[in-house]
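**Q** Chains as they are written, first to last, in the numbering used here: chain A, 67 to 214; chain B, 925 to 1120.
I should point out that these hints are in silico values taken from the structure, not numbers from a laboratory. Just so you know, these numbers come straight off a predicted model, no measurement behind them. Be careful, since some hints might not be right.
[Stated by the list, open to error] 27 Å max Cα-Cα, derived DSSO-like pairs, lysine-lysine:
id, chain 1, residue 1, chain 2, residue 2
1, B, K1065, A, K75
2, B, K983, B, K1057
3, B, K1014, B, K983
4, B, K1057, A, K75
5, B, K983, B, K1089
6, B, K1065, B, K1014
7, B, K1089, B, K1015
8, B, K1089, A, K75
9, B, K1057, B, K1089
[Said to hold, decoys possible] Between beta-carbon pairs, the in silico distance windows are:
id, chain 1, residue 1, chain 2, residue 2, range
10, B, D975, A, D149, 41 to 49 Å
11, B, Q1108, A, V140, 50 to 58 Å
12, A, I135, B, R994, 20 to 28 Å
[As the list claims (entries may be wrong)] Rough simulated footprint, nothing fancy, chain B against chain A, three-plus residues with beta-carbon under 8 Å:
id, region
13, 88-96
14, 99-108
Just so it is clear, CB atoms sit at the ideal spot from N, CA and C, and this is done for glycine as well.
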Amino acid sequence: MTDEERIGKLLALKRYERPPEGYHEAFLQEFRRRQRAAAMRRNPFSLWLENLADLWPNFHVPRLAYAGIAAAAVAVAAMFLFDAPAPVNTVAGATNIRSVDSIPDLSLSPRRPVDVRGVLPASARPGSPSPHFVLEARPASNELPLSF
Amino acid sequence: VAEEPEISDDELVALTQAGEADAFDELVVRFSPRLYGLVYNMTSNHEDTNDLLQDIFAKAYRSIRGFRGRSSFYTWLHTIAVNMTINFLKKRGRRYMLSLDDVDAGVERDADFLEATATSDPRREANLSELQKRLNEAMQKLSNDHRAVVTMFDIQGMPHAEIAKILRISEGTVRSRLFYAHRQLQNYLQEFIKPQ
Chain A
67 MTDEERIGKL LALKRYERPP EGYHEAFLQE FRRRQRAAAM RRNPFSLWLE NLADLWPNFH
127 VPRLAYAGIA AAAVAVAAMF LFDAPAPVNT VAGATNIRSV DSIPDLSLSP RRPVDVRGVL
187 PASARPGSPS PHFVLEARPA SNELPLSF
Chain B
925 VAEEPEISDD ELVALTQAGE ADAFDELVVR FSPRLYGLVY NMTSNHEDTN DLLQDIFAKA
985 YRSIRGFRGR SSFYTWLHTI AVNMTINFLK KRGRRYMLSL DDVDAGVERD ADFLEATATS
1045 DPRREANLSE LQKRLNEAMQ KLSNDHRAVV TMFDIQGMPH AEIAKILRIS EGTVRSRLFY
1105 AHRQLQNYLQ EFIKPQ
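Just chain A, same shape as in the assembly:
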């Protein structure tokens, strides 16, 4: 008999180690009790999550299906991108903005004086109301206020 066989026979003696008499009957009772207690503790949402987690590894989705799902996602994304409304051309559509051509040339040049005649403050433009100044309501005074 080889040492390998001897060690095998020695280990096989561990089969004689057994739990106390009646252990397995008590085990089933304990299992039922724990199952009931666990069911009472769990709320429906956690049960649902647990079941989902247990089922997850068993979803054997073919690999091509993943490609299909990815393609569908890309198609939906593309629909949203290309279906977006064109941006409004606010410059062209505006009516109350002066044309760019009408702005006088204000660039400085030593040979040409700057002509600022066309550039007037808003208050000086024809048709605009006269300038309006607001003075401080209280007159300045060196006297101490009489209020106590």
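Put chain B on the given structure of chain A with help from the hints.
**A** Then chain B, alone, in the frame of chain A:
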């Protein structure tokens, strides 16, 4: 009166999947002694085995709706048991306490026991509890993976192919783990296997 044919594991699984909790109880009755041996011989602790076994059956009950019968229920259940036990042992680390079951009196009539504890050679003198303690200590010195293979092959008598399926490794890996584990155990248990 002809006895009713025993309902098969697959039928009990199908009934459990259909919501019959009593069918799962029958599966617990059928498999708990065998799974107890598997977990006990990997942990060498009765209390840990009891708690783990409860968790294993609870996990199996929760997952049974996902069982599609690609392997036998026996293999599927053993895979859950081994994985959960190895995870437990990883968390437990190197610190452990032996809590051993009683040894059945039948061992004293076993020829292999008599040979291992023969009193003719003083070095091999050992009583029953001493041999049990030494065997369990030697087992705990193995790595978790090696202990799982030794438990299933040498103690539970499973064939290499079944162990390979449960552990999802090749039969060659099962054999090499066994070879390496036996070599280690020979060192730890030398006084019990020395040829006369």
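**Q** None of the hints should be skipped; say for each whether it holds.
**A** Structure-based check of all given hints:
no.	hint	in the structure
1	K1065(B) with K75(A)	19 Å, holds
2	K983(B) with K1057(B)	32 Å, violated
3	K1014(B) with K983(B)	19 Å, holds
4	K1057(B) with K75(A)	16 Å, holds
5	K983(B) with K1089(B)	20 Å, holds
6	K1065(B) with K1014(B)	14 Å, holds
7	K1089(B) with K1015(B)	25 Å, holds
8	K1089(B) with K75(A)	24 Å, holds
9	K1057(B) with K1089(B)	31 Å, violated
10	D975(B) with D149(A): 41 to 49 Å	59 Å, violated
11	Q1108(B) with V140(A): 50 to 58 Å	56 Å, holds
12	I135(A) with R994(B): 20 to 28 Å	25 Å, holds
13	88-96	holds (count 5)
14	99-108	holds (count 3)
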